[in-house]
Structures are given as C-alpha cells and as structure tokens.
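*Asks:* One-letter residues, chain by chain:
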Amino acid sequence: MAEKDYRLSPRVDQVGIQDRVDRITKRSVKSEAKRKGLLMTLNMIDLTTLEGADTDFKVKQMCYKAQHLHDSFPDLPTTAAVCVYPNFVKTAINEVKGSKVKVASVATAFPSGHSSSEIKLLDTKIAVDNGAHEVDMVISRGKFHSGEYNFVFDEIAAIKEACGNARLKVILETGELGTFDKVRRASDIAMDAGADFIKTSTGKISPAATLPVTLVMLEAIKDYYYETGKMIGMKPAGGISNSKLALQYLLMVKETLGGKWLSNEWFRFGASSLANDVLMQIMKQESGNYQSKDYFSKD
Amino acid sequence: MSRIEVLKTYKIYIGGKFPRTESGRYYQPKANGKVLGNICLSSRKDFRNATVAARSAQVGWAAKSAYNRSQILYRIAEILEGRRTQFVEELIQQGSKKAQAEKEVNLSIDRLIYFAGWCDKYMQIFSAVNPVASSHFNFSVPEPTGVVAILAPEESGLLGLVSQIAPTIAGGNTCVVLASENKPLCSITFAEVLSTSDVPGGVINILTGNRKELTPHFGRHMDVNALIYCGNNPAEIKTIHEAAVDNLKRVIIRDGGGYVSDNYESPYLISSLQETKTTWHPVEKIGAAGSGY
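Residue numbers (numbering that gives the first Met the number 0), protein chains in the order written: chain A, 0 to 298; chain B, 0 to 292.
With the rest of the complex left out, here is chain A (with noise of 0.2 Å):
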C-alpha cells in the first residue's frame, strides 16, 4: 500500500457531531422496539474482567454468566464474547466450550502500550495460541502523540499478522487522544492497518466510550467501507452501564453504518454492569414492577 499522510484525514465538525448526538439522545424507544433492542444488546456485550484481582475463579463465574444471563427468563440470547487478560484464555476457552460465546483477550501491554515490540508479539501469540477467538489490542498512544503515524500503522499490522485467524480489534483509547480530529486519524490508521474492529478505551481511564467520540470513529468506518467495500465492526467500552444509553448507540449505528452492523459480528459493547442492567429492564417490561439489583446475578 502506498504511504499515506494521515496529517490529511478528514477534519472532523465538532458541533455538527453534539448535534446529531443531541437529537439521538431525545429519541424514545418504547415497548416492542425497546425489547428487540434490549435482547440484542445483550446478544452484543463483551462481557469484561480485566482487574488486577482477576482468579481463575472468577473468570469461570463470568463465562457461566455469559451463557446463564437469568436463567428464570426463557430464550435469553448468550453475550457475544468474554474479554480477559492473556493468562486467562485457556481457563475462558473451556469454560465457553460448546456455546456460542466466543473469548476475546487484551494484548500488547494493555493497558499503556508501553513495551517493546517483541514484548507486544509475544503477548498477542500467547493469547492466540492459547485459543483466543478475538484480540483486543492498544495503539502506543505516545508514538501517535509524536506523529509516528507510520510506526504506529506497522504495529497494528505485526500485530494483525500475528493475530492469524483471530480478529483483531484496535483499541485507540480515545480519552487519551484528545480531540475528535485525532480521532478520526488513528481510526483511519488502525482501519488501513488491518483491524477487524475499532474500540475506543480500554476502560481503565476516563472518559471511556462517549457517544460523541463513537459517532465520530461510525463516520470513520462508514467512510472506509465507501472507499474500499470493507466492513469494520466498532466496539465502544467503558461506562455504557444503562439499558436507555445502550439503546441509543443502537440507534446511532443503524442510523450511520445501517443495519448490516446490527449484530455482534459488527458491533460490540466492552461492558461489565451493563447487561444487569438491561436484564432488570427486561424483567421491567414483563413483570410492570422496578427491579432491585438484589434479585439479579453480581457483577
């Protein structure tokens, strides 16, 4: 591929993006478009550990809830995936055996990116050969602050290469890129590089997802697919935690990308509290009565 010069990526129009999230934000979903809405989401959600707590333990318990979400409530979709940490994959992979919960792992140093390339290659081949269905790698964000575009471009590719048959999701960290111009450009980066999926935090600083920041990297993708007819999944992650915000993410992206994306082999949400959340609004929407987290599964 000839060299491009992201310095020239689109601009992006800052107010024109509050805008349409503004007007996305005003919409209300109501009953049986509520309930499709709300069983996908849960169908979409990366169901996430990535503490320094983490046990062998707890991830068992979290893959069983990715398959049992509420049990007392018949015909609940599974989430799409489990996300953990490299050490944990062979532990995930049996527990999903049989289901069709896949298992994603963090890799290259999550979550600063700061180690060296071998150190980033090694990680990624760990989780792959451990069985990880998906990676979820982060950009070195400090590389793209210096404008090593290029140097950055070329790990995400290593990284692809060693990902084999893996999908690769990017992990841009938007909290930490700035403004929504940057944005755009390490979007257009990872997308050109090779990433089956753009994420945009790793969860562990704030802010994490916005609505704002995935409109932006949605026109990003949408631009792309244009341009050379290849689709790229987004994953938004970290502080989607309700059910009404879940659903307008929902909203943007069939309104953006349509609803080709709609479903998880395109769309992710990297959440923990989320799908309690939706479940008690579920058990809401059947039941008429609010629901206490007392009677749902812990997080």
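These are computed hints drawn from the structure, not numbers from a lab.
One or more hints might be untrue.
[Said to hold, decoys possible] Only pairs whose alpha carbons sit at most 20 Å apart, straight line, appear in this in silico EDC-like list of lysine to aspartate or glutamate:
id, chain 1, residue 1, chain 2, residue 2
1, B, K102, B, D119
2, A, K243, A, D12
3, B, K120, B, E142
4, A, K3, A, D128
5, B, K276, A, D293
6, A, K181, A, E147
7, A, K283, B, E88
8, B, K33, B, E142
9, A, K283, B, E21
10, A, K259, A, D222
11, A, K292, B, E212
12, A, K243, B, E80
13, B, K29, B, E80
14, A, K59, A, D70
15, A, K64, A, D293
16, A, K221, A, E254
17, A, K35, A, E285
18, A, K221, A, D70
19, A, K96, A, E117
20, A, K29, B, E21
21, B, K102, B, E80
22, B, K33, B, E80
23, B, K44, A, D12
24, B, K211, B, E21
25, A, K283, B, D245
26, A, K25, A, D222
27, A, K283, B, E241
28, A, K253, A, D21
29, A, K25, B, E21
30, A, K229, A, D191
Fit chain B to the known structure of chain A by using the hints.
*Replies:* Just chain B, lined up with the frame of chain A:
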C-alpha cells in the same frame, strides 16, 4: 413605583438536586380559593430515579457514625430554625392560623432535635445478649431496613413530614417521600433546608404529585424495602398491601393526623424500620466461674 413580585418555582428534590419532573407536568393546589403555585406532578419515572438515588446513598449513610448522623439531624433543625418565618408564611398560605402555624414549625424543629438525640442511643436499647444453651456468645443488633418509601400525611404538611422522615433517617435508612398533595409548599422548602444542612444527596428525596397515581408504584418497586403509608383510605391501604407482596416489603400504616401528640416522639418509631441481626459466636468457657464470654 410598584414592584412585580418574584414567585418561587417549586421543584422536586432527588439525589441532592432540584430537577423538574421528567414528565413536564404540573398541578395547581388551592387553599382558600387561591392557587398555591405550579407544583411538579411527578411521574413514576421520577419515583424510579429517586429510588436509585436513595439506594446509592444508603450504604454510605448507614456507615456514618451514629454520632455524625446525630450531628446532621441537629444541623437540619438549626437551619430550619433560621427559616422559621418562611415556613410560618407558607403554612398560613396553605390554610393554617398564625398561632397554629408557629406551633407546627416549633414542634417540627423540636422533633428533629429529639431524634438527633436518639441516633447514638437506640442501638443500645434495642440490642440484646441472648441466653443460649450452647457454648456460643449470642447477640442481636438492629440494622437499617434500607430504602424506605413514605407516603406523607395529607393534612400535616410540615410536622407530619418531619415526623416520618426524622426517625427513618436516624436509623440509617434513606427515603423517598411523596409530600402532601394539597399542601406541598413546606415539603419543597424543607428540601431546601436539607440541601444546605450536610445531609448527603440521596438520603432524603422529596416528590410532589398525585397520590392515587403514585401509590401502586410505591407499593410495587422491588428496590424499596419498606413503605410507610400515612392516612386512612381503605382502598389505598389494600392496594399497598397487595402490591408489597412481590418483594415482601415491610408495610407500616400510620394514621394521617395527630402529629402534635407525644406519640410521635418515641424510639420505637426508629426500631420499626430496623431489622434484627443475630450472631452466634462460638466461645469456650474461659472464666473460673464458667462464664461464657
């Protein structure tokens, strides 16, 4: 030159903030043929939001030291004292005589002081060391019930409200209150007192609106642990009892009136919103006399 009077917008009180109702609705209660104001007609979603605020505030409130809770209740009384004339005026607007209004405000302040005093004392009198026939140290202590929904008395707009809220929060609970429908002014002004008196946001949430509309939702919400109903409408009482079964809420029915009486100054009002936790602690006989602990 005559001046145009500036009228206050009465808003609701949720999580330490004063939002308008999300429904955008309002109603106009009257007294002596005069409209009292445009009052928020809260919806079930306001109630849901208030319950979320009360739930997230509950753990922190219960974890405060009893002494600190006491100081905060005392502080509410102090601030209320400073705004006594405003409350008297509002009570008169709502139809009270002047003397009656002054008495109601005084009693409200005194009642807060009364329960401020109990905050660090009720635990002692409602705890027990229980005799058991095994080598265990067995003791019971009260713990707060949790989130309490209160349908405040209709007739007593300030004193009735304070008499329900004070024992509830003294015991480490948080609450969501539906104020008197026809006499709501004092409840919102009282919320202004709360927001300037060290009460953490969410510990007390005050809504105004239609009692009939909100009663079933107060009864059914799964995240409400207890419900106090003040009044004597048999149909509403029946609705509440039926709705409360889903999560086995503690339901307390209290009379709608008589708040000037001493009956509303009792530690048993605190203990009615406490759950008893009993602990069996294994011990060996250690004393020469064979005492168990």
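*Asks:* Against the structure, test the hints numbered earlier, and report the numbers of the ones violated in rising order.
*Replies:* The structure breaks hints 1, 2, 4, 7, 8, 11, 12, 13, 18, 19, 22, 23, 26; every other hint is satisfied.
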